[in-house]
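Student: Add chain B to chain A, keeping to what the hints say.
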Amino acid sequence: MKKRVLAGLFATLMAASMVACGGSDSGADGGAAPADGGEATEADGGDAAASGEKITVGFAQVGHESDWRTASTKSVQDAFSEANGYDLQFVDCDNDSKAQIDAVRQFVQNDVDYIVIDPIVSTGWDTVLTECEDAGIPVIVIDRTIEDSTKYVSWVGSEFMNEGLASGAWLKAYAEAKGIDDLNILVIEGSNGSSAQIGRTDGFKKYADEEGWTILDSQDGNFTQEGGQQVMESYCKSYAGKFNVVVCQNDNEAFGAMDAMKAAGVSYGIDGDVILISFDACKAGLEYVQSGDINADFMCYPLQGSYCADIIKALESGETVAKETFMTEPWYVAEDILPSITYTNNAGEEVTEDLIVVTDAASQASY
Amino acid sequence: MMENFKKLAKKPLFLPIFCMILVLLINVIKSPDFFVIKINNGVLFGRIIDILNRGSEIAILAVGQTLVVAVSAGTDISVGSVMSLSACGCCMLLAGYGNNSVSELAVPMIVGMLFGVFMGGLSGAMNGALVAKLKIQPMVATLILFTAGRAIGLLLCNNQITYIRYEPYKYLGNFLPGCPIPTPVFVAIIVIAVVSILLKKTALGLYIQSVGINSRAARISGINSEVICFICYVICGICAGIAGIVASSRIYSADSNNIGLTFELDAILAVALGGNSLGGGKFNLSGSIIGAYTIQAITTTLLAMGVSTDKAPVFKAIIVIIIVVVQAPAFKAYMAARRAQRASVKEAA
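Top to bottom, those sequences are chains A and B. When you line the first sequence up against our numbering, it's residues 4 to 370, in that order. When you line the second sequence up against our numbering, it's residues 1256 to 1604, in that order.
Chain A on its own, in the form it takes in the complex (with noise of 0.2 Å):
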């Protein structure tokens, strides 16, 4: 008799926590932030039914892993201020893309105006999209693209094929300058697989076989510094002096192969024998580039917040949007002897744009 009480009072319990529980679930909905490990700030619903005339935007960050996703996040966060008429809820999602989805869910149970989403990764997509499409709220997608669903108003970011056939054009137009016939190649590729490894790999690989040029080795660096030392030191072994042109798909990987060529004591930039490429386009980076050290960087623009205002006041007055929007990206080179150079791009367009010499503004200016 005693145990069958004692059940019956733990039943009750049991279900009096069950219903407490709940009961705390659907309280934390206002909350807004997803449990991801605490990341999440600004990020507040309660604010958002307060502030009935602003425009709430709810901004859904892969993460923060480099200085480069740092002045992609800052950009967003400028552009969305409350001085600009906005308010925003910004999610950093740590590289975790079930708490991406989440996230964007949140966004849509707390019936924010817009939501601006950097992809994690390309698929999976296509239900929450639709569940945004239900509720009305449009979808604008960042930096990286979204393959499986096209339910979302515009992609802003950048064109890497591009950036990869603006380097080949830069190093012919430089070579023809200054007179060297025998280009030997080594590629100090980024994580592989990523949009930027590939596209930076292709568009440059498809001039060096335009125009004959050799490609000793390609091997990755992983987009770090440590990883760009570790490769190059391998390289000035297996091709000691038979290399004139280095290619490094980020400027964290071009110092790392500085360190490692002045360790071998292989002479590079300006006034050096190799020539020394690189992408991203840092202020670190940049300043190399007005050093000398680095031949030509091509920025991969991380500010990306003035382009999606700009869609959300458009769409705000009723206009139509591009689909896709690429953004301008500006080439930087260490001498003066070249103005601007020619390509035909991705989509397959002749393109003009001017080489900028590195000043102090200039890499000041960089983030």
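By construction, these hints were calculated from the structure, which means they are not laboratory data. Note that beta-carbon positions come from the ideal geometry of N, C-alpha and C, so glycine has one too. The reader is advised that the hints may include incorrect statements.
What the hints assert, rightly or not - Just so you have them, the derived chain A footprint on chain B, three or more residues with Cβ under 8 Å:
| no. | stretch |
| --- | --- |
| 1 | 1271-1278 |
| 2 | 1300-1313 |
| 3 | 1409-1416 |
| 4 | 1506-1512 |
Tutor: Below, chain B alone, put in the same frame as chain A:
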């Protein structure tokens, strides 16, 4: 001759060394100039030097990891994150909080470096307290810093890569002026020597083994198991701290997202390749160190052979599988059984 070889094969270090030679042998066939060492630009230049140089961090980590594995039959999976944390702590102090590139130091260099190592020790102490005092499983206890270490580092560095563009800061990870041997090699030798002396000259090594084999029995026989376990985790943390400073000095910056990334796996693999049981108890420090350099030898070999980047992990996996299988007790028992069978067949004939 055969007898001698058999005796040699029974030595505990035989297999780890054999595996190392196996990896290097691939290079003898592929490209003999792998072993060429020359003086270039005033410093030693060659692939073997690269292995010794780049393998330093893994070797330093392997020293600490071996003790942790031996004492607690578990692994410290936080070492990679602790490397990053100590590097960030060091660079933050040297640059001053919030600065992301400095050419003048805010505090003397040694203070920053010691602070980094201290952060490592502190992390180790936290892990040790959780494992030894609260009896939390090592992997779960160290999972906390595995996730949090990098994040704390990022906070210390104000969410950016902090550069120390101060020439002497590069010495530790590169070359001392006028010295042809890379500095990390010396650091690894010093760490290995200090820990070996500690194990040999005191009873610590014996205590660690007895706690690892049976901590209750060890306690009953008068060893303070908890303190021994705690000490091992602190040593492991300090090793991770030192490795972090070396890695940071190589790139004269604190790249909190990438320093020590997946190094915990390399450290654990080094312990396993060294012929140590991950079940704790008896351990062999030299085996782990050889294991560490074997891992680096594989990496350097793949780089040298220009194995295309998407295929490299496959080759690495195959080599590791072969090494682990050769060392597995089941495989050894099978080989012994076959030998015995063959011998008995011979006798019968």
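Student: Each hint: holds or not?
Tutor: For each hint, the structure was consulted:
no.	hint	result
1	1271-1278	violated (count 0)
2	1300-1313	holds (count 5)
3	1409-1416	holds (count 4)
4	1506-1512	holds (count 4)
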